[in-house]
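Dock chain B against the given chain A, drawing on the hints supplied.
As given, the protein sequences belong to chains A and B, one line each in that order.
Count the first sequence with the numbering used here and you get residues 1 to 677, in order.
Count the second sequence with the numbering used here and you get residues 1 to 573, in order.
Honestly, the hints are just simulated from the structure, not real lab data.
The C-beta atom is built at its ideal place from N, Cα and C for all residues, glycine as well.
One or more of the hints may lead you astray.
[Unchecked claim] Each computed DSS-like pair below joins lysine-lysine, with the alpha-carbon atoms no more than 30 Å apart:
#1 A:K501 - B:K535
#2 A:K25 - A:K403
#3 A:K185 - A:K372
#4 A:K334 - A:K403
#5 B:K50 - A:K463
#6 A:K447 - A:K459
#7 A:K554 - B:K50
#8 A:K648 - B:K164
#9 A:K508 - B:K203
#10 B:K525 - A:K463
#11 A:K213 - B:K524
#12 A:K554 - A:K289
#13 B:K164 - A:K639
#14 A:K501 - B:K164
#15 B:K410 - A:K459
#16 B:K67 - A:K508
#17 B:K525 - A:K554
#18 A:K289 - B:K410
#19 A:K289 - A:K459
#20 A:K349 - A:K362
#21 A:K463 - B:K278
#22 A:K289 - A:K492
#23 A:K289 - B:K164
#24 A:K639 - B:K280
#25 A:K213 - A:K239
#26 A:K508 - B:K313
#27 A:K492 - B:K525
#28 B:K410 - A:K501
#29 A:K172 - A:K451
#30 B:K535 - A:K33
#31 A:K508 - A:K492
[Stated by the list, open to error] So the derived list for chain A, only partly shown, Cβ under 7 Å to chain B, looks like this:
#32 I218
#33 A219
#34 A491
#35 R649
#36 N650
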Amino acid sequence: MTTNKSASLFESKQVKEALAQSFVKLNPKLMIKNPVMFTVEIGTAIMLAVCISILMGATDQGSFTYNLIVFLILLATLLFANFAEAIAEARGKAQADSLRKTREETPARQVLPNGEIKNISSSELKKGDVFVCESGDLIATDGEIIEGLATIDESAITGESAPVIREAGGDKSSVTGGTKVLSDKIKVIVTSEPGESFLDKMIALVEGASRQKTPNEIALTILLAAFTLIFVIVCVTLKPFADYANAPITIAAFIALFVCLIPTTIGGLLSAIGIAGMDRALRANVITKSGKAVETAGDIDVLLLDKTGTITIGNRKATNFYPAKGVTEEDFIKSAVLSSLADDTPEGKSIVELAGAETANKLSIEGATLIKFTAETRTSGVILKDGTNIRKGAQDAAKNIAKQAGNAFPEDTAQKVIDISTNGGTPLVVIKNNQVQGVIELQDIIKTGMKERFDRLRKMGVKTVMVTGDNPLTAKFIAEAAGVDDFIAEAKPEDKMNYIKNEQNLGKLVAMMGDGTNDAPALAQANVGVAMNSGTQAAKEAGNMVDLDNDPTKLIEIIEIGKQLLMTRGTLTTFSIANDVAKYFAIVPALFITAIPALQGLNIMHLHSPESAILSAVIFNAIIIPILIPLALRGVDYKPIGASAILKRNLLIYGLGGLIVPFIGIKLIDLLVALFM
Amino acid sequence: MNTELFGVISIFIISIVLAIPVGKYIAKVYLGDKTFLDPIFNPIEKFIFKISGINSTEEMNWKQHLKALLSVNMIWFFLCFFVLLFQGSLFLNPDNNPSMTPDLAFNTAISFVVNCNLQHYSGETGLSYLSQMVLMFLQFVSAGIGMAAAAMVFTAMREKTTDKLGNFYNYFIKSCTRILLPLSAIVAVALLFSGTPMTFEGKDAITTLQGDNVEVSRGPAAAFIAIKHIGTNGGGFFGANSAHPLENPTYLTNAIELWAQLIIPFAMIFALGFFLNKRKLSYIIFGVMTVGFLLLVIPTVMTELNGNPAIEKMGIAQTTGAMEGKEVRFGPAISGFWSIATTVISTGSVNSMHDSSMPLSGAMQLLAMMVNAFYGGCGVGYLNFYIFIILAVFISGLMVGRTPEFLGKKIEAREVKIAAFIAILHPLLILAGTALASYFAAHDTAMGYWFSGNATGWLNNPGNHGFSEMLYEYTSSAANNGSGFEGLGDNNPFWNITTGIVLLLSRFIPIIGPLAIAGLLANKKYIPESAGTLKTDTTIFGVMVFAVIAIIAALSFFPALALGPLAEYFTIK
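If we strip away everything but chain A, and leave its shape as in the complex, we get (with noise of 0.2 Å):
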């Protein structure tokens, strides 16, 4: 998390930024995006017509001063809700820039196809262009390294001090614009068109530019404009009911009604929202591909993690050797490090250190051939110069080694295989010349308040899985300790696509984390695909967001995002329609109560006087905005405590609150007004 979450939300220069804005979104073109703000629009229009008219000598509408109150009310209304969408857009803006201030323009060195390296401008890279960067570069814009390896400080962009190591091939290859080399030399090819990057995306969707909007606001604004399009209704017939009840009513108070009763309040504020939850997703360091995806994040049912570097933290050390049955334990370490000593991996590494550097250092490799691990054997060692063949890895390709070679599996070593596995360590058999010598334990760590994070999960309906390479058994007991609801074992890449698809045939959206290549399908496959900047490219192509911080649990902070937009959504529909309830019972006797003065009964708020009363309501309308912006930039606060609590809770608060709220608001506001009448 690296910059202002903590920043107030109305800082000085976005609020003028905005305030502008505010103006220049009155033009119509914008305005009819929003249905209910453009009918509110055409209402201040007609006072505006209204006004002039009674200038130019018309004395059926009331007073100059009266209408001309009621018209910037209106005008007022309009700008607030304006002023909602231009904050929001303006926050967005101030976030992408500090992240786009990262890349402005760089000298790049580009190598040219015959070798050349050329001094250009980061902005005339294109796509498929190769750079070279040394230690001190800063690094000219996103691409991926093809050759050599560096430590690279992307503090600018997670906030993370701690330098990272990037190389080529493998699925730490992938660098970021204005990013800085700390050590050697790198060639990175350019994978994105400039303005094309992930970041000029997210920034062009929180400006607006290209902003589309989510299913559910679709059906939302459908909702709004059928809601809009009663009230038009109500309006239009009240004019021949009123003429047959010898009530005339004025202009003024036509528009005044309509406005009241139209969901103002939410249809201000829905963009706002919308461009809140992004610009959220933005501070907590995701980049979105689209505003969709943060809204699917919010329905996820099911979530796969991978468990190295999620659940249990970086890798596993080996912490104590089993020699088999008539091999002495000395022999058997002796075979462990032989077989460890060129082998480069954290595991690998972490044999030697249990060995000890005396044991070790005693020892040599020199003239052996090494044999890589591959995914067929899922083995790895030595031979050594005189012949002796050392291998280590999973259990049952050891057991094939050996059955191969006529020699059996010993008792000892199987049992202890089925110890170390059910207390959810990893075991590694070691074979020399065919013959098993022992096995190894490798132990997982699992990190710190995983379980609380899972139960979270659980409670909000999302199930988590586990992914891992290790066998059934290492992998139930990482899960039960961990809290993880199911598990996908010894998985190879096409078990992760495989479970997402069920899943998805079942009717859940799944989501899930990846850095490397081979996630690419799985991440385009899932619903939710967050990829770690520090993945490859085809990573990043594949999912729909982008994680900056490389953090394997930033999907929980993703989803609540998610709910939140919803959430935020529905409980300022809800308070704004049961607002309705007491304006209603502040204009309607206050537009009969001259011709039928027993209406005066409905007046229960005892208002003024029916222009005091007409006054109040639409002033209520229209500061109600401006007040509850910061809960829409904010959001509504998401408690995982289940579906209908959820729902009792903010029925209460926004539901029950929206009905009474606007009868005390509009009492107060008259009280004051009645002051200067």
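Chain B alone, transformed into the frame defined by chain A:
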């Protein structure tokens, strides 16, 4: 007074208790399970399907259902229209009643096809027995249509992912033969024994105690009155409807007729629970409807029992409550209860003059039809409620932070669009119709062909009450209710044609909408429930649905009610 209330409460409770087994039976009928009436009806239905060449096992999708539904209705409309137009010269007309004018025939045919029975005529002088029989036929089949549509929606809710939603004709015929027919037979026999006539002979002549010669209209009334209630049609055999002594002779027949109109709307909700095997869902739905019903019925019964404040101010005691426009054999409590039952349930039969109800009762009767979703008509009651469920699911889904889903199906833009359209249609038809009539009345326009004389001529009362009369007529039409506030000159081209159009639109579009939504949802991928899913069979969701219904009705109709019954209420208070 306590005895009166006891009568009301016991009829209500008995109806609910009996509705549960009837609901179970209805569910069995639609599921095709074995029932004790199989030996009687299997051969009859087989015969019907055989002569009409229908394969009743052929599965249909929602569009095929709609096509079948609309085409049979069109044929019935024309059949009925022509009979009414020429009834004067056709057979079974012992009283020599004349043929109908085209506009009245249009209105009457539509109103019986759409299960409304608005009746801008009086049965004694306006219809031949042949016409009465044709209308009775329509009372059966129009109720069966509503139930068949509901059965399709039930099926759509039950299936996981499919476009095969059963056979329309199968649901329709079974609704008529296995549900409507046996229940009507029971009611008809009970009425027959209580004195309701059932004859094809014409008017009878009697000499009253005062020595006057009076002609008394008769006819095949018992059967007609039975299906009028069982099928929630409400169209009376005689002009005075269930206030007529031959149509509703005693307190007992009054109780039976009340039960008869409540039973199927109640039972359909329980049937849903048995059909889906989600009984809790049906209890929640029934609970929401009952709360709404009680909120309407209690103020009505109380004001009727308290009598008219205007009369009280004159210093006249009203120990029997407000008796204007009520039958002495029924009294104000059960009459008030009936007036809400008949408006909530879209029966539209009356046993008292709604025009003479207290203003608050008038407001409640209007509100019952404006909501049009508590219990509701035969089959279609649930369809109306279904729209509100969809809207409530949508809003509450957003409120809990999850894309809204109902019974495992996502509610998306398309469903919201349809539901919103249906929700708007009802206020649109009522308010636009009333606005039109008010406009003419306000300007006292000369109506030419449409009405003999100026527009105010169709009002029997000036001011707010006159407004209520016009509002009631369109509300009753749009709710397919058919009860009249009366006091309105409605047998003329203006009212016959405008209400006829309202009837047509307000019947078929609110059937098409839910069928389309249910069909679209049935086709969607089924999503299993998780801890994050909002359950719809909970009290809190019930509260949500109630709030949506109340808010939409209150917001749409508050100004109209304020100018009509509420203005009257505050005036005489």
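Structure-based check of all given hints:
Restraint check for K501 of chain A and K535 of chain B: the C-alpha separation of about 26 Å stays at or below 30 Å, so the hint holds. Of the supplied pair hints, the one linking K25 of chain A and K403 of chain A is violated, its CA atoms being roughly 78 Å apart against a limit of 30 Å. For a cut-off of 30 Å, the pair hint linking K185 of chain A to K372 of chain A stands: about 26 Å separates their Cα positions. The hinted pair formed by K334 of chain A and K403 of chain A meets the criterion: a straight-line CA distance of about 23 Å does not exceed 30 Å.
For the hint pairing K50 of chain B with K463 of chain A, the CA-to-CA distance comes to about 54 Å; that exceeds 30 Å, so the pair is violated. For the proposed pair K447 of chain A and K459 of chain A, the alpha carbon gap of about 20 Å is at most 30 Å, so the pair holds. Taken as a hint, the K554 of chain A and K50 of chain B pair is broken in the structure, with Cα atoms around 66 Å apart against an allowance of 30 Å. Distance hint between K648 of chain A and K164 of chain B is unfulfilled; the C-alpha atoms sit about 37 Å from each other, more than 30 Å.
For the hint pairing K508 of chain A with K203 of chain B, the CA-to-CA distance comes to about 70 Å; that exceeds 30 Å, so the pair is violated. With a C-alpha separation of about 19 Å, the suggested pair K525 of chain B and K463 of chain A falls inside the 30 Å cut-off, and the hint holds. Pair hint K213 of chain A plus K524 of chain B holds up; C-alpha atoms about 22 Å apart against a cutoff of 30 Å. Straight-line distance between C-alpha atoms of K554 of chain A and K289 of chain A comes to about 16 Å, which keeps the hinted pair within the 30 Å bound.
A distance of roughly 40 Å separates the Cα atoms of K164 of chain B and K639 of chain A; the hinted pair therefore is violated under the 30 Å criterion. With a C-alpha separation of about 26 Å, the suggested pairing of K501 of chain A with K164 of chain B holds against the 30 Å cut-off. In summary, the hint linking K410 of chain B to K459 of chain A is supported, as the alpha carbons are separated by about 21 Å, within the 30 Å threshold. Using a Cα cut-off of 30 Å, the hinted pair K67 of chain B and K508 of chain A is violated, with the two alpha carbons roughly 34 Å apart.
For the suggested pair K525 of chain B and K554 of chain A, the alpha carbons sit about 29 Å apart, so the restraint of at most 30 Å is met. Of the supplied pair hints, the one linking K289 of chain A and K410 of chain B holds, its CA atoms being roughly 23 Å apart against a limit of 30 Å. Proximity of K289 of chain A to K459 of chain A is assessed by CA-CA distance (about 28 Å); at most 30 Å being required, the pair is judged to hold. Between the alpha carbons of K349 of chain A and K362 of chain A the distance comes to roughly 16 Å, so the proposed pair stays at or under 30 Å and holds.
For the hint pairing K463 of chain A with K278 of chain B, the CA-to-CA distance comes to about 26 Å; that is within 30 Å, so the pair holds. Pair hint K289 of chain A plus K492 of chain A holds up; C-alpha atoms about 28 Å apart against a cutoff of 30 Å. For the proposed pair K289 of chain A and K164 of chain B, the alpha carbon gap of about 39 Å is over 30 Å, so the pair is violated. Straight-line distance between C-alpha atoms of K639 of chain A and K280 of chain B comes to about 27 Å, which keeps the hinted pair within the 30 Å bound.
A distance of roughly 36 Å separates the Cα atoms of K213 of chain A and K239 of chain A; the hinted pair therefore is violated under the 30 Å criterion. Taking the CA atoms of K508 of chain A and K313 of chain B, the gap is about 68 Å. The hint is violated against a cut of 30 Å. A distance of roughly 29 Å separates the Cα atoms of K492 of chain A and K525 of chain B; the hinted pair therefore holds under the 30 Å criterion. For the proposed pair K410 of chain B and K501 of chain A, the alpha carbon gap of about 19 Å is at most 30 Å, so the pair holds.
About 28 Å separates the Cα atoms of K172 of chain A and K451 of chain A, which keeps this hinted pair within 30 Å; it holds. For the given pair, K535 of chain B sits about 34 Å from K33 of chain A by alpha-carbon distance, which is inconsistent with the 30 Å threshold. Between K508 of chain A and K492 of chain A the CA atoms are separated by roughly 22 Å; this keeps the pair inside 30 Å, and the hint holds. Against a cut-off of 7 Å between C-beta atoms, the interface hint on I218 of chain A holds, since the closest Cβ of chain B lies about 5 Å away.
For A219 of chain A, the suggested interface contact is upheld, since its CB lies about 4 Å from the closest CB of chain B, less than 7 Å. For A491 of chain A, the suggested interface contact is broken, since its CB lies about 24 Å from the closest CB of chain B, more than 7 Å. Below 7 Å, beta-carbon pairs count as interface contacts, and R649 of chain A has none with chain B, the closest being about 9 Å; its hint is therefore violated. A cut of 7 Å between beta carbons decides the hint on N650 of chain A: the least distance to chain B is about 5 Å, and the hint holds.
Comparing the model with each numbered hint stated earlier shows that hints 2, 5, 7, 8, 9, 13, 16, 23, 25, 26, 30, 34 and 35 do not hold.
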